[in-house]
Amino acid sequence: MTATGVIDYKTWAAAPTALVLLLTSPFGAADTNAIKQIEQSRAELEYFHPSTYAYLASTEAVLTSDEIFCQFAQKMIQNTEDINPDVYRILLDNRENLLL
Amino acid sequence: MAMSNVLQQMEKFGVFLPRYLSEASANALLQDLLKFPEEFDSRVFSFTAAAEPGLLYQGDGFANLDFVFLPKLAKLPGKGLILSNTCDMDPTNEKAVPRLVVYSPIFSLSRFQAQLVSAKSNAFAEDYIGKIRRQEISQLFYLPAGPQTSEESFVDLAQINHCTREMLTKEQVKTNRLFSLNNTGFYVLLFKLSVFFCRLQEGIDRK
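These protein sequence lines are chains A and B, in that order.
Going by our numbering, the first sequence opens with residue 508, and the numbers climb by one from there.
Going by our numbering, the second sequence opens with residue 4, and the numbers climb by one from there.
It is possible that part of the hints are untrue.
[To be verified] Chain A is faced by these chain B residues, among others (derived, beta-carbon under 8 Å):
1) 31
2) 40
3) 108
4) 139
[To be verified] Partial list, computed: chain A residues near chain B (C-beta under 10 Å):
5) 579
6) 588
7) 589
8) 601
9) 604
10) 605
11) 606
[What the hints assert, rightly or not] Subject to a maximum C-alpha distance of 30 Å in a straight line, what follows is the list of computed DSS-like cross-link-like pairs (lysine-lysine):
12) B:210 with A:582
13) B:134 with B:123
14) B:38 with A:582
To be clear, the hints were calculated from the coordinates, so they are not data collected in a lab.
Yeah, the Cβ is synthetic: ideal placement off N, Cα and C, and Gly gets one too.
I would like the entire structure built from these sequences, with the hints used as guidance.
What follows is the structure in structure tokens.
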């Protein structure tokens with residue numbers, strides 16, 4: 508992680524377990540036992556990724572890359588917006604009739 | 004895309020893909036994500052859970068769920084998308100506490116478009132429905148029309164309801180499960196859930 512808090516994509520790719528732990532675990536990086544346990548079960552770690560890659564995906568390194576994941580992340584992050592307040596009011600006011 | 008290029012991208016993208024996927028499945032997912040949001044179509048419903056009739060999967064569409072839209076207390080039956088984690092709903096995983104299943108309502112896109120036309124304009128409605136179809140509204144998950152959902156629809160990830168796991172019996176799962184998402188649909192759903200609920204950019208130092 509750089510001084511500005513931007514995680515380098517290459518760093519993530521090279522050491523996903525440590526970063527997953529840093530980003531998701533309450534133990535913190537100092538807990539070597541936790542790191543060891545996660546290293547031992549890396550094959551089961553994929554379910555950690557979704558809660559971290561949304562963060563990673565918004566980092567500068569990913570948003571400026573042309574790799575496929577980054578292109579996908581750019582679409583999912585940069586093209587995403589909050590729901591329009593007027594539109595949401597229409598949805599909430601009519602939801603009983605819109606429910607399938 | 005040339006195969007050599009696909010393989011090259013697979014190596015780079017590998018850390019972001021579920022590790023349980025076969026090479027063919029990972030490649031198919033990669034190709035779908037490359038084309039996203041175009042071609043996010045009925046193929047997302049191609050996964051059939053027939054082999055595991057009682058098991059519920061995260062992202063399953065389910066009919067005859069109960070909804071309460073507070074502050075109104077009336078209970079309405081409707082279709083919903085299951086948000087709970089697959090493992091947490093697996094009856095074979097022992098839990099010390101009662102299992103709850105959380106789900107969000109599935110709404111009709113065409114009826115919503117009609118409401119927008121009525122309240123706004125044709126042009127506004129068309130533009131906004133396009134954003135929903137392209138998954139651009141963070142809290143709405145778009146679902147294309149499919150074999151079990153004959154019309155386009157969308158899920159509001161913020162309008163969460165719940166029931167006990169025991170209420171969704173094996174027989175009900177068999178009768179009321181509308182669809183299960185394939186790898187691409189599931190991946191996009193998890194990404195949307197992550198962005199909506201788990202982004203770390205709130206900008207607040209909670210010391």
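If you draw a straight line from the CA of residue 210 (chain B) to the CA of residue 582 (chain A), is it 30 Å or shorter? Violated. Residue 210 (chain B) to residue 582 (chain A) sits at ~33 Å, over the 30 Å cutoff.
Interface restraint verdict for residue 40 (chain B) against chain A (beta-carbon cut-off 8 Å): 7 Å, holds
Using the nearest Cβ pair, does residue 604 (chain A) come within less than 10 Å of chain B? 7 Å, holds
Is the hinted pair residue 134 (chain B) and residue 123 (chain B) satisfied, with a Cα-Cα distance of at most 30 Å? Status holds; Cα separation ~16 Å.
Against chain B, run the beta carbon of residue 589 (chain A) and see if the smallest gap drops under 10 Å. 6 Å, holds
Identify whether the interface hint at residue 605 (chain A) stands, where standing means a beta carbon of chain B within less than 10 Å of its own. 4 Å, holds
With a cut-off of 10 Å on the beta carbons, see whether residue 601 (chain A) makes it to chain B. 5 Å, holds
Taking 8 Å as the limit, does the beta-carbon of residue 31 (chain B) come near enough to a beta-carbon in chain A? 13 Å, violated
So, as I understand it, the hint says residue 139 (chain B) touches chain A; can you test that by seeing if any CB pair is closer than 8 Å? Because about 5 Å separates residue 139 (chain B) from the closest Cβ in chain A, which is inside the 8 Å limit, the hint holds.
Once the shortest beta carbon distance from residue 588 (chain A) to chain B is found, is it less than 10 Å? 6 Å, holds
Interface hint for residue 606 (chain A), Cβ within 10 Å of any Cβ on chain B: With a closest approach of 4 Å, the residue 606 (chain A) hint holds.
Grab the minimum C-beta distance from residue 108 (chain B) to chain A and call the hint holds if it beats 8 Å, violated otherwise. This hint holds: residue 108 (chain B) lies near chain A, its Cβ roughly 5 Å from the closest one there, short of 8 Å.
Hints 1, 12 from the earlier list are contradicted by this structure; the remaining hints agree with it.
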